Structures are given as structure tokens and as C-alpha cells.
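Novice: Sequence:
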Amino acid sequence: MNYIHKLENALVETNDTLLKRSDRAQEFREHLASAKFGPQADGSRGDLIAVADVQRWLWYIEGINDTY
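Going by numbering that gives the first Met the number 0, the sequence shown opens with residue 0, and the numbers climb by one from there.
Calculated directly from the structure, the hints in this document are not laboratory data. Don't take each hint at face value.
[To be verified] If you anchor each label on the Cβ, the simulated ranges turn out as follows:
#1 13 with 48: 27 to 33 Å
#2 42 with 11: 48 to 54 Å
#3 39 with 16: 36 to 42 Å
#4 54 with 19: 52 to 58 Å
Owing to the predicted nature of the structure, the values given are computational and were not obtained by experimental measurement. From the three backbone atoms N, C-alpha and C, an ideal C-beta is built for every residue, glycine too.
Based on the provided sequences and hints, a complete structural model is requested.
Specialist: See the structure below:
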């Protein structure tokens, strides 16, 4: 296999990995937006984790916002 084909294969693998990571990050964002983390029936807060912090970390991991 020549060098160009190796690079093309590496590019395909890298793109697949990036798409999977992006899909999983989006799935996590949807989970964080679910009713589980909203206000509870008794009026208490349901966001037992710092959602904004998790969002910033996800953006950082994806390289969307390099100024973490």
C-alpha cells in the first residue's frame, strides 16, 4: 500500500472517530436537557451537577471553544 492510500485510510478513520465523539457529545447534551435535570415536583432543583461546566468541557473536548 502506498503512502497516499495510508493517509487516505488514516483520514477516514480519524473522521469516523470525530463523528462518533460528536454524536456522543450531542447525546450527552440531550440527556442534560432532559426533565431529569429540571425543577422537581416539590420545587427543588434537579440539576445536581453543574450543567454549564459540563457543557464547557464538552465544547473544549470537541475543540469548539479553545479558550476554556
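Novice: How does the Cβ-Cβ distance of residue 54 and residue 19 compare with 52 to 58 Å: does it lie in that range?
Specialist: violated (19 Å)
Novice: Hint says 27 to 33 Å; check whether the CB-CB distance for residue 13 and residue 48 agrees.
Specialist: holds (31 Å)
Novice: Between residue 39 and residue 16, does the C-beta distance stay in 36 to 42 Å?
Specialist: holds (38 Å)
Novice: Taking 48 to 54 Å as the stated bounds, is the beta-carbon spacing between residue 42 and residue 11 within them?
Specialist: Hint holds: Cβ distance 51 Å, inside 48 to 54 Å.
Hint violations for this structure: number 4 only, all remaining hints satisfied.
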